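Undergrad: Listed here are the chains, written in short residue letters.
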Amino acid sequence: MKLQEIVDSLSLEVKTPSSDLTKEVTGGYVSDLLSDVIANSKEGHVWVTLQTHQNIVAVAALRELSGIILVNNKIPEPETLKKAEEEGIPIMVTSLPAFEIVGRLYALGLRCR
Amino acid sequence: MPVEFRADLHIHTCLSPCSDLYMTPYRIVEKAASLGLNIIAICDHNSVENVDVTRKLAKEKGINAIPGIEITTAEEIHIVGLLADIDGALRLQDIIYENLQPGENDEEAFGYQVIVNEIDEVLGFNKRLLIGATRLSVTKIVDMIHSFGGIAIAAHIDREGFGIIGQLGFIPSDLRLDALEISSRISIETARKKFKEYSHMPWITSSDAHNLSDIGRVSTGLFMNHSSFDEFCLALQGIDGRKVMLD
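Taken in sequence, the protein lines are chains A and B. To convert a position in the first sequence, counted from 1, into our numbering, add 1358. To convert a position in the second sequence, counted from 1, into our numbering, add 1320.
It should be emphasised that the hints constitute simulated quantities derived from the structure, not laboratory data. Everything numeric in this text was worked out from a predicted model, so none of it was measured. A hint or two may mislead.
Said to hold, decoys possible - Only part of the chain B face toward chain A is listed, based on derived beta-carbon distances under 10 Å:
(1) ILE1485
(2) ASP1550
(3) LEU1554
(4) GLN1557
What the hints assert, rightly or not - SDA-like mimics (lysine to any residue), calculated; alpha carbons at most 20 Å apart, straight line:
(5) LYS1440(A) - MET1521(B)
(6) LYS1432(A) - THR1459(B)
(7) LYS1514(B) - LEU1391(A)
(8) LYS1440(A) - LYS1563(B)
(9) LYS1563(B) - MET1521(B)
(10) LYS1400(A) - PHE1490(B)
(11) LYS1460(B) - ALA1397(A)
(12) LYS1513(B) - LYS1440(A)
(13) LYS1432(A) - GLU1396(B)
(14) LYS1432(A) - ALA1453(B)
(15) LYS1440(A) - SER1493(B)
(16) LYS1516(B) - LYS1440(A)
(17) LYS1514(B) - LYS1400(A)
(18) LYS1440(A) - LYS1514(B)
Backbone N, C-alpha and C fix where the C-beta goes; we use that ideal spot for every residue, glycine too.
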């Protein structure tokens, strides 16, 4: 599934205008402990979190994640968006809490594997 | 010529909801004195309301009690701020209170937040949600501590929850931390291996005491010309023979 389809289906707001939404999303991961994401997420996962610190971009780049979805209308820090544009990591925002957005991602067919 | 002062720079009082009620300033100072500690720092969660009384009691025993606070950042990282004086600590507390998660402490769920005097009498209860997080980012908190002339230390970096590496994956290279704190949960030898990429930064070990028997379970040797906040800052930077030695 392409990231663009997820953005459209779940009405996500894309915060990184230059990002590539043709990326293939292979699954999903949800966690707010970045050390846990480093340990357990997989390449191509879309990551659901409420953390907005610029380290989320570094972690997503390290793990080659397809994108980051920030929940609860979290506003990413300006530095985070700048780094995300540099690293080509799409950042999207939803007004939904993590539980709801993860449920919808699951319903779209994404799994954590 | 610098001489060694033993320091435990992270001790909670009964003001912290998660702390034992016996952690009164009087008992903390008695315990610290019995262990031969020269310097302690009182670091309650998001508050400094038991600091001044501890400082006065400690002074009578010849112990330097540094005003401190353990701040919860928006990322839920614990940052210890150590200040030169109580005025700076109180001004920092004002900003923390303005930015603390709203809500009232639930004493049944989190514990009592007791403000006491020098003879263990209860002066009142702090009603704020001290267990909660502030809405200030770790970068802002570190800058704010510096703006009051203080020292910013990443607390218990070996702990997954509330430790900076657990919460953020790694320590951002542009974050201007003055020191990293290793808790008693991990040996210094293990920490040196596990965190070797941060060996260029000053390290301290502190007890993070929540009850009396925790005090001094680990401590740090500060080699300084005399016991003062300025000398402590110089020791962290390793200036003119001053240094920090771990157990």
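Undergrad: All hints, please: hold or fail.
TA: Hint check:
1. ILE1485: holds (6 Å)
2. ASP1550: Violated - the Cβ of ASP1550(B) stays beyond 10 Å from chain A, reaching only about 32 Å at its closest.
3. LEU1554: violated (31 Å)
4. GLN1557: violated (26 Å)
5. LYS1440(A) - MET1521(B): violated (27 Å)
6. LYS1432(A) - THR1459(B): Judged against 20 Å, a Cα distance of about 17 Å means the pair holds.
7. LYS1514(B) - LEU1391(A): holds (18 Å)
8. LYS1440(A) - LYS1563(B): violated (39 Å)
9. LYS1563(B) - MET1521(B): Within the cut-off at roughly 12 Å; holds.
10. LYS1400(A) - PHE1490(B): holds (18 Å)
11. LYS1460(B) - ALA1397(A): With Cα atoms ~28 Å apart, LYS1460(B) and ALA1397(A) exceed 20 Å; violated.
12. LYS1513(B) - LYS1440(A): Not OK: LYS1513(B) and LYS1440(A) at ~33 Å, beyond 20 Å, violated.
13. LYS1432(A) - GLU1396(B): holds (15 Å)
14. LYS1432(A) - ALA1453(B): Measuring from Cα to Cα gives roughly 15 Å; hence the hint holds.
15. LYS1440(A) - SER1493(B): holds (16 Å)
16. LYS1516(B) - LYS1440(A): violated (29 Å)
17. LYS1514(B) - LYS1400(A): Distance ~23 Å between LYS1514(B) and LYS1400(A) Cα, so the pair is violated.
18. LYS1440(A) - LYS1514(B): violated (30 Å)
The earlier numbered hints that this structure contradicts are 2, 3, 4, 5, 8, 11, 12, 16, 17 and 18.
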